[in-house]
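*Asks:* Single-letter residue listing:
2 protein chains.
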Amino acid sequence: MEEMSEKSWTPTSAADGVEQVLRILEGRWKLVILFHLFGGKLLRFSDLERAIPAVSQKMLIQQLRQLEKDGVVRRIVHHQVPPKVEYGLTDWGQSLCPALDAMLKWAALRENGDEVN
Amino acid sequence: MEEMSEKSWTPTSAADGVEQVLRILEGRWKLVILFHLFGGKLLRFSDLERAIPAVSQKMLIQQLRQLEKDGVVRRIVHHQVPPKVEYGLTDWGQSLCPALDAMLKWAALRENGDEVN
DNA sequence: TAAGGTACTTACCAAAAAGTATGGAAGAAA
DNA sequence: TTTCTTCCATACTTTTTGGTAAGTACCTTA
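So the protein lines, in turn, are chains A and B.
This note's numbering puts the first residue of the first sequence at 1213, with every later residue one more than the last.
This note's numbering puts the first residue of the second sequence at 1213, with every later residue one more than the last.
Just so you know, these hints were derived from the structure itself, not from any lab.
As the list makes no split between identical chains, a pair holds if one copy fits it or if it spans any two.
Computed list of lysine to aspartate or glutamate pairs in DMTMM-like fashion (alpha-carbon distance at most 20 Å, straight line):
#, residue 1, residue 2
1, LYS1270, GLU1238
2, LYS1219, ASP1313
3, LYS1317, GLU1238
4, LYS1219, GLU1323
Go ahead and model the full structure; you've got the sequences and the hints to work with.
*Replies:* The following block contains the structure:
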């Protein structure tokens, strides 16, 4: 368990790889959005507003757009009036689960009294 | 593979958990520092400066201090003149590997032509 | 006495991210 | 014609983060 993946990384290239992921995930509201969409759920813009009351419309759409651009979220437009737009995860977005799980497990290690020094 | 860990998470609590991890990892230089310290290496302040030429002293010490405060990095002071201070990872810091690995794997999925839609 | 190496501080400025407030399009229903 | 719903867009302000430059403390060696 001394290695990272199968590829050979330098400290810099590995850091770059992880940073790409962080850039996708970081942003005040992205994780909450993602966790609301996991499990194949499709939510409308207004559903997300209700689910995350603290977010402003500007922030919500901004984070959704970035997630979409990064290929994590997909946008389904129904041409109706009033408008109906649904948001869901792409397959790649769904496949984030193991990584997030690993982070939660790491965070959990802390409380479990494992010596940190 | 539909669940997150063994615990029951709400979208909000899971997002909070992951965000705690992101807050530790995010910061312009933290990942590079971490990847330089992986494998039990002990590096002096000046070693890190040389290893990461683009970082300023202010930034380097700032990121190190934050990592230390978060329990990821440990600081070993040798009382000498000129000063000698070494930095290394804590056990918990080392145990970050699987999580970072999962992120690299996720990033790699993208190129592998797996349909994103 | 002066110069130098190591590990920092501090003051100051710029850029990026987040938040607030308001406005608008597109029709359908009253 | 006015109103209503939904999904945004835009201008502006505040907060956070990152960066630059300079200085400091300590003791050693020449």
